[in-house]
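Number of protein chains: 2
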Amino acid sequence: MQNFVFHNPTKILFGKGTISGIGPETTVFSNKVLLVSGSGSIKKNGLHRQVTESLQNAGADIIEHPGVQSNPLLSHVRAGIKLARTHHCQVVCAVGGGSVIDEAKAICAGALVDHDVWDFFTGHKSISSALPLTTVLTLAASGSEMNCGMVITNVETSQKFGFADKFLFPRTSILDPEATFSVPADYTAYGAVDAIAHILEFYFTTADPSTPVQDRLMEGLIINAMESCDRVLADLHDYQGRADLMWTATLALNGLTGAGLGRTGFPMHMIEHSLSALYNVPHGAGLSAIIPGWMRHQSVITPGRFAQFAERVFDCRDGSVEERARMGITSLLNWFEKVHSPTSLQALHIPCQDIPRIAENALALAKVWSMSDYDIGRIQAILADC
Amino acid sequence: MQNFVFHNPTKILFGKGTISGIGPETTVFSNKVLLVSGSGSIKKNGLHRQVTESLQNAGADIIEHPGVQSNPLLSHVRAGIKLARTHHCQVVCAVGGGSVIDEAKAICAGALVDHDVWDFFTGHKSISSALPLTTVLTLAASGSEMNCGMVITNVETSQKFGFADKFLFPRTSILDPEATFSVPADYTAYGAVDAIAHILEFYFTTADPSTPVQDRLMEGLIINAMESCDRVLADLHDYQGRADLMWTATLALNGLTGAGLGRTGFPMHMIEHSLSALYNVPHGAGLSAIIPGWMRHQSVITPGRFAQFAERVFDCRDGSVEERARMGITSLLNWFEKVHSPTSLQALHIPCQDIPRIAENALALAKVWSMSDYDIGRIQAILADC
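Chains as they are written, first to last, in numbering that gives the first Met the number 0: chain A, 0 to 385; chain B, 0 to 385.
The set of hints was computed from the structure by calculation and includes no laboratory data.
Since the structure is predicted, the reported quantities are computational estimates derived from the model, not experimental observations.
Each hint should be verified, as a subset may be incorrect.
What the hints assert, rightly or not - 20 Å max Cα-Cα, derived PhoX-like pairs, lysine-lysine:
#1 Lys10/B - Lys10/A
#2 Lys10/B - Lys165/A
#3 Lys31/A - Lys81/A
#4 Lys165/B - Lys10/A
#5 Lys165/B - Lys10/B
To be verified - Computed spacing ranges between beta-carbons, pair by pair:
#6 Thr156/B - His86/A: 56 to 62 Å
#7 Val4/A - Gln345/B: 43 to 49 Å
#8 Ser19/A - Ser125/B: 21 to 27 Å
#9 Val4/A - Asp372/B: 55 to 61 Å
#10 Glu336/A - Ile300/B: 38 to 44 Å
#11 Pro208/B - Val4/A: 34 to 40 Å
#12 Gly45/B - Asp374/A: 45 to 51 Å
Note that CB positions come from ideal geometry on N, CA and C, so glycine has one too.
Take these sequences, add in the hints, and give me the full structure.
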């Protein structure tokens, strides 16, 4: 195990009927609240009313910033920052999935500085403070509700860049599984894929050969993500399945899985971010198209790790290390197909002629993330196998 | 899954060479530091010098409160509170295992109130603030370094009582596996037993039939506790084994394993606390003497749960539910014997004539912990099987 610092101060209120807690959890910081939300589905399903009622009952003066897209846009972040400044908002409340929470984090950071918020993402500026953030989660996927990371897309430069800072942990996140009942089957599956991808990134890129505590935690979470997703796809209103999937996705990227692994990379996300930046495909769908190809490449380098994954996650006990490694990848691919998440670029209708362009875009992110072991040839080779 | 609140604000600095961080982490609160420690082993192994140097370099004015015993005593807590008040200490730094940290927590809570600190344990008073606490951990066992609980023994009343409050989370805990190199084999094993017991309490007392996320987390931690303990017992200076055992014990009782389980009990601890209160046996040794007997009783009530434990922790896949349940208990008992942790009252030299007295004492704690499903007859029956 490598040295690490673990500090996750986010408070989680989990379960049925917890949404009414958002008012007091938010106005404890200020009653000037910027309410950040998405495309309007929360108005249809009644969540918007629940949240605003709770905020108002707690004395909030609400300024609304709706319209966050999936793969949230820098231009919309800038508009949110302007709004927060104009109305002197002192706290931000995000109601939505990872995109809404990520945009809210960018607003929290950008509202307190004079320079452009994109400077954080390019590494030209660092964060020294941020507005406090509370969230009500509506999608089990990104883990953003209990971590300090965010990903924003700059359409001017076709860049989808991520950034993390300790000032960006939500103060309180409310996780009511019933708030995810209206998520359709495809996006439920993409969310589970996203959670699994977060774990796989750590699991397969650690250079430390001895991380048994983290390994068993990660293996258990992957099994839980698949089993709970299966349960939800059989009945979208299965409360226990929704609850298990929601908590699994949160734990998949709240810092615990990676603590002690030392330096890790995010190569699958690095490549996928190009897909969503260039084609606006759902993040989880892009991931499941990339994961099997990347795993096939990586398994040649660290077959023992893949054999352990196969044995512990899919109970593959027979055959050589290489055979088990392959069986693990195939088993995961079969599960992606079972939940109808795309497993190739072709399934996303992305022609192979585009590979050089995608690779070029991914390489720019590899540089920002200091992933020097990924050059253009390697990224192209992986994409050619996807 | 049941509703829960999870909020663990403790910052962990983990790994080699992290002890030098204790100074700045402590004096950020105040330079008037009460340094709480145990019986003097930290003076022999150099840790005391490391800690005081780091504190002094950070500008600390140190008041020493050494001499905390295992199963820390209320009288010694009271002396620490008096010392903290006399010298106007504004922060407490604990260097030791769970006993030292627990006593430090009691001092943090007691220093700020006029009434006796024991009133918190009997439920007559509640905590509304506490001095900030930092810790340097020297024993992988109790989890106190990342939770808000504490256990103190009142010899006047022969009571060993526990109490938890959100104000008692350490602000920062430093976990350097090398600081546990000098723990001898027997106490290393007792520490692993303690960590396993914390998990078993949750695992086998939850009334919720559907907690798959927590189950896999707990099962993985139990396996890790045993495997890392085995590794350390083969070589007390095995860094990776010490690191894995240390982080496992912390995660075993930092709130994650129990979050979502709903109401649970701590019956094995409830009974064991009587053993350490009456005979001053090491906590882990007392636990391994109680656990198999308690498990045999409980497995009749919830055999399916015990069969799952057997299957996932010990790979027992054959036989009926009842047979697998029994195999799981036997496997754990065999592991206790392998690491030379006592598995009966007899092994602790406690005569069966004492059972009524032990049960009487345990019943008092059962009342304080509101465990109404444990009457004197049930406790005696369990003890008779230990």
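Next pair to validate is lysine 10/B with lysine 10/A; report whether the Cα-Cα distance is within 20 Å. Given pair lysine 10/B, lysine 10/A holds - Cα atoms ~14 Å apart, limit 20 Å.
Does the beta carbon distance between glutamate 336/A and isoleucine 300/B stay inside 38 to 44 Å, or does it fall outside? holds, 42 Å
Check whether the Cα positions of lysine 165/B and lysine 10/A lie no farther apart than 20 Å. holds, 12 Å
Given the range 56 to 62 Å, decide if the beta-carbon distance of threonine 156/B to histidine 86/A lies inside it. holds, 59 Å
Mind checking the alpha carbons of lysine 31/A and lysine 81/A for me, to see if they're no more than 20 Å apart? Between lysine 31/A and lysine 81/A the Cα gap is close to 15 Å, so the pair holds against 20 Å.
Is the distance from the Cβ of proline 208/B to the Cβ of valine 4/A consistent with 34 to 40 Å? Hint holds: Cβ distance 37 Å, inside 34 to 40 Å.
Starting from the range 45 to 51 Å, see whether the pair glycine 45/B and aspartate 374/A falls in it by beta-carbon distance. holds, 47 Å
Is 21 to 27 Å respected by the C-beta to C-beta distance linking serine 19/A and serine 125/B? holds, 25 Å
When you check the alpha-carbon spacing of lysine 10/B and lysine 165/A, does it fall within 20 Å? holds, 12 Å
Starting from lysine 165/B, check that the Cα of lysine 10/B is at most 20 Å away, please. holds, 14 Å
Honestly, do valine 4/A and aspartate 372/B meet the 55 to 61 Å range at C-beta? violated, 41 Å
CB of valine 4/A to CB of glutamine 345/B, is that within 43 to 49 Å? For valine 4/A and glutamine 345/B the Cβ distance comes to about 46 Å; the hint holds.
In this structure, only the earlier hint numbered 9 is contradicted, and the remaining ones agree with it.
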